[in-house]
Structure formats: C-alpha cells, structure tokens
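Asker: Use the sequences and the hints to build the structure in full.
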Amino acid sequence: MNNISKYNPQEINQADTQQNFTGFKDFIELDDQVNQTKGKSKLSKIGKKLPRISSQECFRFNRNIDFSIQRNKLDKYGASEVGNILTGGAGLKDLMINRVLKYFGISMPYEENLYMLKGKELENLGFREFIKAQGDNINILYKNKYANGVDKYNYFKKMGSAESLVGSTIDGWFINNTGDLELLEIKNSDSHYMSSAIDEYNKNGNFLSSKYFFKYYVQAQMQLACTGLEYCNLFFLIGNKPINCRIKRKNLLIAKVLEFVNKCELEILKLRNKIFKNEAVNLLISHNGNNDTFINLVQDLVEKSDFYKNGIEFDWINEFVEYVDCVDLEIKTDQAAINLECSILCS
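In terms of our numbering, the sequence shown opens at residue 145 and continues consecutively.
Hints are computed from structural coordinates only; laboratory data are not their basis.
Being a predicted model, the structure only gives us computed values, none of them experimental.
Take these hints with a grain of salt, some might be off.
With a straight-line Cα cutoff of 25 Å, these simulated DSS-like cross-link-like pairs (lysine-lysine) come out [said to hold, decoys possible]:
(1) 192 x 276
(2) 407 x 302
(3) 193 x 264
Simulated DEER-style distance windows between Cβ atoms [stated by the list, open to error]:
(4) 249 x 337: 36 to 42 Å
(5) 309 x 249: 28 to 34 Å
(6) 346 x 213: 36 to 42 Å
(7) 219 x 421: 18 to 24 Å
(8) 276 x 322: 17 to 23 Å
(9) 214 x 304: 25 to 31 Å
(10) 421 x 340: 45 to 51 Å
(11) 264 x 406: 28 to 34 Å
(12) 390 x 206: 30 to 36 Å
(13) 307 x 264: 26 to 32 Å
(14) 265 x 217: 23 to 29 Å
(15) 304 x 190: 30 to 36 Å
(16) 444 x 208: 36 to 42 Å
(17) 266 x 420: 40 to 46 Å
Ideal placement from N, C-alpha and C gives every residue a C-beta, glycine not left out.
Answerer: Okay, here's the thing in structure tokens:
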C-alpha cells in the first residue's frame, strides 16, 4: 500500500481505517488520476519560442489582433500551402492568385470551412492524446499558442545565408527524454483512405501513396526547414485510435521543394510586372477601382501562365520517388529499381 499511497496523500490518511484492500476498481481510479497528473505536468501552459531562433527568423503574432489579418501581412508562403505548388489544380491556382493580389495590397476574403473549424476544436484533444500515446518520450511539451488560443510564432529560419520564402506556424514542440527538440503537427481526418496512406508510410517510408498525405509530408519537411529541427511528428486523430508518423528531415528533398517554390515566385513576379505595364489596369488601381474586376483579371493571367498550366500536368510522384526510403528493401540491379518504383507508384 505504501507504494500506491505515495502518489495520493489522501490514501495515506485512509490507510489506518481500512483493514482490507478496497478493491481493483479503486486501484484503477487511482492509476488514472496519476496518469492525468503526469499528462498535465508534461504540457506547459506557456507558449514558448523555440531556442536557437533569432528575432529576425520569426514573427510573433499579437494575441489581440485578428490572426488572419496578421497572417496576410506576412510575405512568406505558408508551409501548409507548399504542397499545392507540387500537386497543382485548384490549390495552386488559389495560391498564385492570392500571391499576386498581395503585391497590390489586396487579399481574398478569409473563410474558415468546417474542416478547419473541426481541426481547431480537436487540437487540444490532439495534445492530450499525443501525451497519452508518446508520454514516455516527452519531457515537456509546448503549444505554439497564447492562453486564448491564438497562434503565437511564425518561423522562417535561414537556410545557409539565404532568406526563406516559406514560413511556418507550428502546432507545438517538445523536448524528448534525450534532450532533443521535436515538432508536433496535429491533423484530423475522417478518411479511411488516409488511414491506409499513413500505414503505408509507417510500414515502408512511402509518402507518395496519397496526394493528401504527400502534402502533409511536404508541410512537415517545410516546418523542419523553417525551424532547423530534425524530426516532426505528424499526429493523426483518425478512426478509433490516433496514429503518429515521426518524420525525419531530408535536406535534399527540402532543397528540391524550395526550387519549385522559387520557380512559382518568379512566375508571380512576372505576372506582377505584366500588370504594372498594363496602363488600363494601372488606371483602375489608381482610382481604387472595382476589386472584383481586378481579381478576375489576375485569375485570367494565372490560368494562362506557363507555371500553372505545367502544374496541372506535373507528375509529382515520379519527381519525388527517389526520396522514398523503403526499409528492408535493397536495390541491387537496375531491374530491381524499376520494380521497386513500380510497386510504390502502383500501391
């Protein structure tokens, strides 16, 4: 009884009046209380900034100002947006339109859809479940939040001497039991297809079996690039049991992704300069003309741009298959390499 009572002083007081063991149910309740206390102690109430990040490599949001207004003022691509550059389609078009408009001080109306609202509501659950599942490896976990739930920091650590075009507002970070820092990104999904993609990644390192998982994977790599860390935990609230994907930083993949980000930005600058040379458009802007007319013009330019049209047909699977690490598989011949690529692409 002494070993149990040390976790709960009240049990010590009751020990003298209890002659028999109170029962298995009481033991379980006590164990649950201990686990809850441990979980709370590992989750900091303070949204702390990552160490080794200078004040020029992060932006601190104001808790009292609308987050979307502050986010629109940042000149970085969001880590969660970068996957759209690679997978093309409507996501790329919206990204390019917003990027061009930003150069003219215009932003598209920001609307939170149900999926985004669910993600925010489930975020606190995600932190608790992550500690429950990974607590033995966590020393202390910090949310990237103010007490009122507003995001706190956006990171854009330099890679070498170059300024980054990408910034990341992470969910949180933690110190593991060996003293190393790791990122935490919480995702929720109702898709069984996503479950199979997650299992595929955890089984053999294949991040290409699903377009949506690929975008999450790229987001994680961009978050690692923006913070300088080595590991990001993609923690999925999915089905009956949450699943964690511990993603290791890949510098070669990051460099390749950033090449496409740079190409996208060059295309944006070309479109911006094209607009500047259009006298009719300049007249419209100078007289604070109809924003809808201007937005339609930008949309038309984006849809006709080479980068957007190439993005529709871009084969992102073949482009990134070389970065897939398949465990327990060894490529000894050219034919084996072809077979492996086929197994990944066809899975």
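Asker: Out of the numbered hints, which ones does the structure contradict?
Answerer: 5
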